[in-house]
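**Q** Chain residues, written in single-letter form:
Protein chains: 2
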Amino acid sequence: MKQPVAEADDAARALARQLLQLKHASLAYLDDEGPGISRIAFGLDAAGCPMTLVSGLAAHAVALRAHAPCAVMLGDPGGKGDPLTHPRLMLRAVAEFVEKDSQRDHWLKGHPKAALYIDFTDFAFVRLRPVSALLNGGFGKAWRLAPDDLL
Amino acid sequence: MKQPVAEADDAARALARQLLQLKHASLAYLDDEGPGISRIAFGLDAAGCPMTLVSGLAAHAVALRAHAPCAVMLGDPGGKGDPLTHPRLMLRAVAEFVEKDSQRDHWLKGHPKAALYIDFTDFAFVRLRPVSALLNGGFGKAWRLAPDDLL
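Protein chains in written order, with my numbering: chain R, 1 to 151; chain S, 1 to 151.
Bear in mind the hints are in silico, worked out from the structure with no lab data behind them.
You can take every hint at face value.
Computed list of lysine-lysine pairs in DSSO-like fashion (alpha-carbon distance at most 30 Å, straight line):
1. R:K80 - R:K23
2. R:K113 - S:K141
3. R:K113 - R:K100
4. S:K80 - R:K100
5. R:K80 - S:K113
6. R:K23 - S:K80
7. S:K141 - R:K100
8. R:K109 - S:K80
9. R:K23 - R:K141
10. S:K23 - R:K141
11. S:K141 - R:K109
12. S:K109 - S:K23
13. R:K141 - S:K109
14. S:K23 - R:K80
15. R:K80 - S:K80
Bound-form chain R, shown alone (with noise of 0.2 Å):
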């Protein structure tokens, strides 16, 4: 049977990080339910590492406070054909909150709108540092990333 899953080359690395540019995603994460799914606002701190800004209330941000490792998908369906052709990349992820000043500025020069509430006292920043990735292409086109491949 042919290998379902490649090695990345620079097509692959190319796709990955056009999708790294997206601003928000989709998130999995665990808590005492079990696995839980949330849509995050995404972007990339100033080194390039996948970021998400959160409220403290939402039922992720508290589950990842608990439980750092996570998994993020990047890539919408496109309107047309199979949305299981378009492609995604999923990140396993591990979390790390930080401190909100640092990252402050950077944050609202790729998403403006955030100024609406990027400074209520419950929200907060939380790196979500990639431990492996998959970009998926489409059926049977699928590469393996390291998070070097993603820089």
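Use these hints to put chain S onto chain R, whose structure you have.
**A** Same frame as chain R, now just chain S:
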């Protein structure tokens, strides 16, 4: 402070049922590496229970066989506006693998393109039986729903 999650009302139930008509979803699962996330095909069985058709080769299929608790998110960000203001439904669910012949014809009515691969021997149906649901309609608009609210 205002309670951020309201009890379900008719408008919330109607929006949730509309999102359940979507043909794809995001799935959060758990395996030995921690939480994982995938895009999945999505539909309802004849009784209105969420279901997916998976390749047994997919990481999430392997994971769901070993660990049935999972979570599903439905609802795509539209092209305009803040993606966090677009409605999405999040289900906590339990995965149940289903005998294939019982669902094949029903699934193909809603997913005719699945005819290309539905008969591959590794493909299987998995019911994603809801345990609880959260409907998010944008900042500060969330409703808690019970499984019966989804039918």
